[in-house]
Amino acid sequence: MEPDKEKCHRPKAFDKMEGLVREMQDAENGVPVRSQKLFLTSIPSAFMGKSHQAHHRLHLGYDLIEWLMERLSIEESEALNLANQLCQYGYFFPVSDSKNLVVKDDSSLYRFQSPYYWPYANKAPDNIDYAVYLSKRSMRNKQRHALDDHELETLGNLRKNLANKWDFITIQAEEQVKLGKVLKKGEKIISDSQERAYWRIHRPPPGQISSLEQCPVPPRSRNGNRTKKRTVEDGKREVDILKASLSRTRVKVSQALESMVQYVETYSEYDPIISGTQPSNPWVSEDLTYWQLNSPLVEIPTEKRVKRWGLSMEELVSDPTGLQEFTNYLRKEYSHENIRFWMAVNDLRRSAQSQIQRKVNEIFEEFLAPGAPCEINIDGKTMERVHQEMRSPSRFTFDSAQDHVYTLLLKKDCYPRFIRSEHYKNLLAVGIQPTTKKRFFGFGQQKKKTSTSSAPNPALLQQQQQSSQPCGISTGALSKRRGSDRSLSGSAHELAVSGVRGGDNRVPHSHSQSNLSDIPYRVKKPGIAVTSGASTSEDVCPWEAHGPEPRSRKNSTQMDSGSSASDICVAVQVAAEVTDPKVKKAGHLPQQSTMDGGKSSRKLSAVCCIEPRRASVSVPIDRKIFEEVSKVPTPTPAPTPTPPVPNKSDVDNKSEEICRTFRKSLSVAGAANAPTISVSSATDDGDVLQEAGADVVDPKVDGAEDEKPMEERLSAAMVEEEEDEEQDHKRRTEPEVVISRLALAPLAEPDSESPISELPPEPNFLSEEAKSNDVCPWEDEETKCNVDGSFRKTYTTLGFL
Amino acid sequence: MTSEVSGPSVDTVESLMKEAETLKIKLEEERQKLNDVTLASVAERLEIINYMNIKPRRTLKGHQAKVLCSDWSPDKRHIVSSSQDGKMIIWDAYTTNKEHAVTMPTTWVMACAYAPSGNLVACGGLDNKVTVYPLSLDEDVTLRKKTVGTHTSYMSCCIFPNSDQQILTGSGDSTCALWDVESGQLLQSFHGHSADVMTIDLAPSETGNTFVSGSCDKLVLIWDMRSGHCVQSFEGHESDVNSVKFHPSGDAVATGSDDSTCRLFDLRADKEVATYSKESIIFGVNSVDFSVSGRLLFSGYNDYTVNVWDTLKCVRVCLLYGHENRVSCLQVSPDGTALSTGSWDSTLRVWA
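Residue numbers (the working numbering), protein chains in the order written: chain A, 1 to 801; chain B, 1 to 352.
Please keep in mind that the hints were generated in silico from the structure rather than gathered at the bench. You may find that some hints are simply not true.
Stated by the list, open to error - Stretches of chain A that chain B covers, calculated by requiring three or more beta carbons in the stretch to come under 8 Å of a beta carbon on chain B:
1) 14-20
2) 290-303
3) 342-353
Unchecked claim - Pairs of lysine-lysine residues, derived as BS3-like cross-links and limited to a Cα-Cα distance of at most 25 Å, are as follows:
4) K243(A) with K26(B)
5) K129(B) with K87(B)
6) K313(B) with K252(A)
Claimed, not checked - Some but not every residue of chain A turned toward chain B, in silico, with C-beta under 7 Å:
7) P11
8) E70
9) L72
10) V239
11) I241
12) R250
13) V251
14) V253
15) S254
16) A256
17) V261
18) I273
19) N281
20) W283
21) S394
22) F396
For glycine and all other residues, C-beta sits at the position ideal for the given N, C-alpha and C.
Next comes chain B alone, as it looks inside the complex:
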């Protein structure tokens, strides 16, 4: 990458765009050469999942406005959620009790995340900042809050990369950034998207140094955290990519987009391998997540529903109704026993 030393050069934006176009065509040809089979046909031998007994088991009421983001605690029963009115709530989802409620100095807290230790949460949104709150039952959590990083636009997503000491953020300024929690130092920034980054996810491997991001430029990029370089990119969506999740195997990513489809991109085949859509589904997808085996993909839509897809057979298994407004976020619990959903109807639900 020579982006830092652009300087005066013969390249113009136009010529580069043209070059990019021809490269894209070539790339697509290369990919097609190895495209010998469809996922559904490979999965033919599997049994159909034709029945699921997933029901709402908990309803978490307490937010006064739209729930925008939520994250499971590693302890498998706590949830942190953030909402439009600037509140962040820590729930014991099992008992449905609220353990902390924090008021942020901003509205639209669009991202929140639990640290791997379970002792720390981070959140942020229209304030362009990522702020961490150490959780303690003894004192007011806000007393020990700490602003870690600041973007030049809203912060849309954040995640702790297997460590309480670092946080990875995505922003409306079209970059992602890795911050040192203690010092607030920017450890690495990630340039490559040409529009707002909406979503990021870490590769499942413990030692993994890669993460994936989805953006309003319709691209899905895979990044090397250490070098800051984009190592792979996927095109295909026709609108904003709102959500992206690594397949538990680490070899694929699923995406959800405003174009009302979810897609599966395989990293080794280097291409899209499945699209999950139906004619009757016309609203955007806000959030996707896999069951722990990767067989099921849950996706939350603007039409208030959650669709459950059989990722391999590429068919819908069932629809979950319950929310009374858009499903804004959704996540399978760390041990896979439950699914949490958050909605603009200001509630969260836990399904199992």
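Isolated chain A (complex conformation):
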């Protein structure tokens, strides 16, 4: 297209390619020569001049590939790709096919291009050169040198455009034809083919992109030196930068790397590509649940998301839901002016220039001016700086104050308190735990296994086609290359080794293969995200009934370790399915027993739903109450699948008790507490911190998933001694958990009725359970039984998820 640009900027890759190509042509260690015997007729050996020897050689496609594989110790797929690149750039070309620059892994023949014709060997050819070449061909034997249609057309155009030079062009062409006649036949064939291949690269047929094309940006079209001329100013700047770098403090490489490794380890859990997504990756499963559960603002965040807030304050405030929860918490503590100030300054920094003046003043009036409605507490020095900056207001006016608030108040005080707070713990406890789905639901688009007997809808079909498109992954194991029996067309066993390609792929390595998924090398290994095909668990339908199930972590130890637990569930579910819909309610019972933890906690939550709002006057006080109450030892409900009933009533009583205590304390709190300022609440909190610290341990004690280092540190000290007490304590706090969360959730309506009666009658719950069951759209389950069956199989091979 813009071929004259070629000369300008020669990418590094060409050096490397040329090095490789030279090695390939090495007489001893290069690609073996197989040609002469096969092609005696076209290239009589008699004509092979010594000087041209290299160019007379022909090579078999698979020899090229094999050589590359050995030389670079790479897999076949990679070698094939590389060989094709070299071919695209014109370092060798297929002898029998002048149209397609493609290397086939078979016995087709290839010839190396003369270095004279290598890209960048000379000035890029111009249109006159091309015109000469085309007219030359038009002068020669029609049979062998006839021009293609597009070439004819180009020749016509060139003749028009270069009319004034056409005589010259014709003379040149005639000269070259004459010269060509002097050549021996074999040499002629070779040079013709090389010339042709050269033009195939530099003037590709329409619709094909030349691999030599580059972005036509100005500096790249300048010859040679692409860096600008340096001025004194540049020099000074560089020296300054270097001087600054010299005085920079740096840490030991080991230290830096250790923390990087730690970071990655910590976050691997949150990396969908490494650890997968729960319940499934929407791109793979066609199920949007994951995105729905994780929208920026949600009523009830997933447990994982809440856990992530515990990693660092940055994690918390960069998540809109996290920021909202944090703000709510601080508001309860009457100390949310800090976070509000922080947000306002962030907003200021990102505001339009025209808004800056106004916003600076607003912020000052609200947070910093003497007697401001939301005065923040910063030291005199910082305040002084702010006042200085206020003289010339800018988007950075409050940076120092913001920094102060962020590091000293938010990060070192508010954030750790938040993480240790009931509020956070409760969020964690009610957090949604989407599990890998075990079966299909009727809603949403789902991808079905090909083996499904039910009729797939068109959208799905289309999707499947898409996903079987050309692609490939090749990993690790480089299996032995096949033997000498090479088929011409690329072959199945090759695919098995080297990954996927095919479909409409124009590029050489195209084999169509639909059955790839059956190929054994793809056996899934555990630990890596492979939610192939969606499976649905009942956790997916939570919004149909209540908010997602707040699963009590303590009771459900058997639920917690994802895989085994869900296996159990699968079993249960399947059992439930096999029994027909009429029996469904009954079928639900066994399940309940495995999950009683979750259920009972939800009931628990129901009980207390009213209280929280009123109780939220002051968190520290709440906590104390909880602490007190928790000192009354209560029998811990066994985590085994005991029937939930006794359990529940037990806890219900307790929680009722708490509620009462609450109300009592409330009046006290209400009186004393009204305008308590953040400072006092902070100190207030100090006492509680000790005890509260233990609360953070949640994940650890539960023996649930891995806990975060942060939490670990916070809690490590407390864990041992307070474990028992804490168990109780947690039980106590459980109700509150749900309180705020569920009370907020509009979906929790069915529950919110029951708390009104304070002690909800037992049957109520059961019926509700059943109701929720009915809502879940698996009515048509029987038809899908076999789907589930087959899916479950895959699921178990996955081992994990």
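With chain A fixed as given, assemble chain B onto it according to the hints.
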């Protein structure tokens, strides 16, 4: 920085260059003093990632020419892409539908970016300009387009720095610039590179005021957005730096270069800590991005492939084949569930 007041001074370009050279040597010595361990050895305790099940899940067809740049919407499913023929397309990548197609008054639209709100996109290229388009389904997007800034050479990259109100650009004129979207005012310019700026990326921190740039002068520079000063520089690449990305921790940057290597530079150790290369990889890298944990580095090459690197063990995990021409751009989706790639074969693909 006293660059503004150069005036007549005893310094000549030559003397300054000489000084710079000696400083560089000293700097390298300082860095070596603390170079006590390799990344691969620190990462030894980690398990090897030896299998990945990443496959193409979507193919976005609609561009008539090379796809040059793309960017994920913060909503995790839309993509904006720009191409050589001057088209910019907004895709719902999930359904593969095109929601907007905008024709730019230029070819080679080399950069495009989604604003954090998802309601605005910016693009530009050989026109030397950065133009923003508010997205609305009701009216023609081009009606409300607005040219924000103009460079003296092509615009190679752009990014919204956590705000719809500002845009940061890099250009062939070897500078970067921060613009006020509403007024088109140049808020800050960044001088320091001696050749085309090819790529920029923001530090991941919400409040962060730093960004990184990569250039054809082979340098990687870290900038303070507020002061406009370069605060750190990394050398090492042997050719153009085409792509640079902050590690999610914010403490390192990964780069991809025409020298066919990717590298990792640690900001605190102030040096290169890893090179990702193989003898068999001889083509330039156009684009790199991290998985959300930083464990994996995806890199798109001129040889049509995407290589996936284990950043810590410094080995290649796998190769992704599929594109039929150079992979020009690539980006992990905001929630890390997918990888988008754009190619000169005029398609985009989404892998997961």
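Exercise. Can you give the numbers of the hints that this structure goes against, from lowest to highest?
Worked result: As far as the earlier hints go, 8 and 21 are violated by this structure, in ascending order.
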